[in-house]
Each structure stands twice: as C-alpha cells, then as structure tokens.
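Colleague: Let's have the full structure, built from the sequences with the hints guiding it.
Chain residues, written in single-letter form:
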Amino acid sequence: MWRQLFWRTPCLTSLDSFLKLSMPETIIKHASKTAITLIAFALVFTTLLAYVFNITKAPIEKSEAAARMALFSQIVPSSMHNNDMLKDSINIAPNDLLGNKQTSIANIARIDNAPAAVILEATAHDGYSGDIKLLIAIKYDGKISGVRVLTHKETPGLGDYIDIAKGNWIKLFDGESLTKTSDANWNVKKDNGQFDYMAGATITPRAVVKAVHKALQYFETNKDSLFAEKETS
Amino acid sequence: MSQYTEIVENGLWKQNPGVVQLLGLCPTLAVTTSVVNGASLGLATALVMAAANGAVSPVRKFVPAEIRVPVFILVIAALVTVIDLAIHGFAEPLHKVLGIFIPLIVVNCIVLARVESFAAKNTPAPAMLDGFMMGLGLTFVLSILGGIRELIGKGTLLSGIDLAFGPAFKPWVLTVIPDYHGFLLAILPPGAFLGLACLIAFRNWAGNRATKPVQPSGSLKPTL
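Sequence order for the protein chains is A and B.
So for the first sequence, our numbering puts the first residue at 20; every next one is plus one.
So for the second sequence, our numbering puts the first residue at 4; every next one is plus one.
If you are wondering where the hints come from, they were derived from the structure by calculation, not from laboratory data.
Treat the hints with care, as some may be off.
Quick look at which bits of chain A chain B covers, simulated, 3 or more residues with Cβ under 8 Å [as the list claims (entries may be wrong)]: (1) 66 to 73; (2) 78 to 89; (3) 177 to 185; (4) 206 to 216.
Distance condition first, Cα-Cα at most 30 Å in a straight line; then the derived DSBU-like pairs of lysine-lysine [as the list claims (entries may be wrong)]: (5) A/106 - B/17; (6) B/64 - A/81; (7) B/64 - A/48; (8) A/233 - A/190; (9) A/76 - B/99; (10) A/152 - B/64.
A quick note: this is a predicted structure, and the numbers were derived from the prediction, not measured.
For glycine and all other residues, C-beta sits at the position ideal for the given N, C-alpha and C.
Modeller: Okay, here's the thing in structure tokens:
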C-alpha cells in the first residue's frame with residue numbers, strides 16, 4: 020500500500036524517471052546540447068541587438084537633439100531669445116526642489132546677452148508609475164513661460180494627458196508664478212488648489228503641479244546665483 | 004491554397020485572438036480609449052507577430068522542447084527591441100505615438116501563444132501569414148472597441164489621428180456628438196470590460212447564427 024501511494028506521488032514519479040535517465044553520458048549529452056543551443060541563440064540575438072543598437076545610435080541621438088530643440092522652441096518662443104540655447108547651458112547639482120538625483124542641465128535663453136529665461140529640468144517621483152521628467156521654462160520675472168513633459172510612464176490613454184500630444188492640460192501653467200498663485204492654491208482642485216485635472220487620473224497631475232511649484236521655489240531662491248553664473252558662462 | 008484561406012479565416016474570425024481566444028487582453032483593455040490608439044497598437048502587434056513567427060519557424064527544428072519557451076521569448080524580445088530601436092532612429096514621429104506601446108508587446112501572451120502553437124509546427128510562409136492575420140484580427144477588435152469607447156466616452160471618432168499619420172489628417176477627426184460632455188465610464192477600465200463583453204457576446208451570437216442551419220435539428224443537444 021505504501022508503495023502504491025508513493026508511486027502516485029508526482030515528485031516520486033519524476034524522481035523515478037530521473038533515475039531512469041540518470042545514466043551519466045545521456046544526461047551530460049542532453050544537458051550540454053540544450054545549454055549550447057540556448058547559448059547559441061543568446062549569442063546570435065545579442066549580436067543582432069548590439070548591431071542594431073550601433074547603427075541606430077547616431078540617428079537616435081540626432082533625432083533626440085532635434086526633438087529637444089523643437090521642445091525648447093515650444094516653451095521659449097523665438098522672440099524671447101537669439102542665442103543657441105542647446106549650447107548655452109549650466110550644470111545644476113542634484114537637489115530636492117528640482118527632484119533630480121543626477122546633475123541636470125539648465126539651458127539659458129538670452130537676448131543680446133541679457134538673460135531672458137531659463138529652462139530647468141525637473142523630475143516628479145510621485146507619479147502613478149515611474150518618474151515624470153519635466154522641462155520648465157521660467158522667465159526672468161519669475162513667470163512660467165511654459166512646461167512640457169519630457170518622459171513619463173503614466174498609463175497610456177489615462178494619465179498621459181499631461182503630455183502636450185494628448186491634451187492642452189500642461190498649458191494651465193503658462194503665465195503662472197509664485198506671486199500670482201498662493202502656495203495653498205498650488206494644488207489640484209481635489210486638494211483645494213486651483214489646477215484642473217481629469218477624474219480617474221489625479222495622481223499624475225498632482226505630481227506635476229507639485230514639481231512645477233517646487234521648481235518655481237528653486238528658481239526664486241537661486242535666482243541670483245543662477246543669473247550670476249549665467250553672466251560668467 | 005486552402006490552408007492559407009483557413010489561416011486568414013482563423014485569424015480574423017474563427018480563432019480571433021481578441022474575442023475568441025481572449026489572448027492579449029492587457030492591451031485590449033488598457034489602450035483602447037480611442038480608435039487610433041487601438042489600431043496603432045494592433046498594427047504594431049501584427050508586425051511583431053509576423054516577424055516573430057517568421058523568425059521562429061525556420062529554426063524550430065533546432066530548438067529542444069525543454070528550452071523552447073526561453074528561446075521563443077528571447078527571439079520575441081530581441082525582435083521587439085530591434086523594431087523599437089529602428090522606429091526610434093528612423094521614424095521619430097511614429098515613435099512618439101507608439102513608443103510607450105511597443106515594449107508592451109513583449110509581455111503580450113498572444114505573440115508567444117502563436118509562436119508556440121503555430122510557428123513551432125509549421126513552415127515559415129504560413130507561420131508569417133498566421134502571425135499577421137492573428138495580429139490583424141486583434142487590430143479589428145482593438146479598433147472597434149476603441150471606437151465604441153471613444154464614441155460613448157468622448158463623442159468623437161479618430162481623435163489623435165493627426166499624431167499618428169501627420170497633421171494633414173487633422174480634418175479626419177469626427178465630432179459625432181457636438182457639445183458632448185463625455186461619459187467617463189466608457190473611458191475608464193470598466194468601460195473596456197463592458198465593451199469587450201458586448202463584442203464577445205456579439206461574436207458568439209453571430210457565430211451561433213452562422214452555424215445553426217448546418218446542425219441537424221434532431222435530438223442531438225448542441226455542445227458548448
């Protein structure tokens with residue numbers, strides 16, 4: 020009876036078949052063949068990936084730079100600068116107000132060497148999924164010239180209306196400033212603030228509003244050093 | 004030739020991945036908030052499926068049964084990454100629209116399912132056709148579901164088509180119901196479930212209707 024019971028236990032059945040198979044040469048031959056096949060496939064496809072990555076690297080960088088410049092001109096119109104904003108940049112050490120964990124780049128817009136606006140990179144960590152990277156253009160007088168979402172991993176079709184491609188929500192920030200809107204109002208309407216949002220996706224706009232607010236605070240406290248540094252660069 | 008006709012029929016109707024096999028429900032439910040979203044992801048999936056089936060079929064005899072799943076996943080993931088990189092490098096505007104969706108295709112079980120059940124047993128030409136037709140069948144379901152949700156949720160059709168195909172298509176956006184305030188339920192996830200349920204019910208009804216006259220009206224009970 021015990022034997023019968025054991026016989027029906029799946030793990031013993033497989034052990035039994037294992038023992039049958041366990042003639043060393045069979046197992047080694049079989050395992051090595053399987054392993055070599057897997058390695059061969061991994062090698063071939065890794066090579067393919069490396070090759071494609073290499074040939075697409077330059078076009079991707081080029082199109083990203085072009086896309087970046089196109090993005091810059093959306094938030095800093097050509098009437099506000101006559102310098103090359105891509106080259107006119109300073110490095111900003113990581114800090115909490117901008118939410119950046121790595122050194123970020125601030126691009127400066129000038130008209131005849133007089134500072135007109137600064138484009139800050141900011142990161143919101145409290146989005147619905149993953150970080151939301153923002154570009155925030157702030158004019159010399161502290162007013163927002165424009166905000167754009169660089170990258171995000173928010174739910175497609177739900178939280179992604181922060182992207183200008185999916186909606187005009189992000190334009191709510193145009194012309195906002197710390198003086199125009201009180202600290203308490205820098206919130207989505209659900210949190211008694213003044214910023215609209217779409218029901219079903221509150222976490223995303225909340226994170227963006229917070230990040231823009233903090234970026235303005237950063238600009239306010241670091242305005243002098245930012246502009247001093249700009250003069251020397 | 005009849006084999007190919009059968010593949011086409013299976014992909015589009017008899018074995019439709021969206022409403023019969025119920026595979027690939029993740030994108031079906033998540034991205035079908037508009038026609039353009041649904042159709043774009045559907046077409047991208049169709050391309051990946053054709054490529055994956057076409058890549059697996061020629062090597063099917065070299066892959067031992069024990070490691071076929073890791074090998075297939077490797078092939079699918081590599082192909083999707085290649086397509087993603089190529090689109091990013093050479094078709095930046097398209098990447099802006101489809102960029103988030105393409106990596107999602109890797110985890111879509113419909114791709115692995117067709118590789119495993121069809122490409123691993125058939126020659127390359129039918130395998131590629133099967134992948135593409137299954138993808139096309141999914142595209143139809145995604146587009147119709149997207150259309151239903153967009154129409155009920157926002158009162159428009161084809162919104163966002165200018166992002167996918169260029170600004171020239173802007174006039175194609177149809178505002179079917181003017182001054183519509185939106186019915187949020189259709190856009191939210193429950194709307195996806197309800198819409199899909201209606202589509203599956205329709206498919207079953209139409210399928211039953213088509214087969215009924217063929218069945219003998221005797222004492223045989225129809226099997227489920």
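Colleague: Could you tell me which of the hints above the structure violates, numbers in ascending order?
Modeller: Hints 4, 5, 6, 10 contradicted; others consistent.
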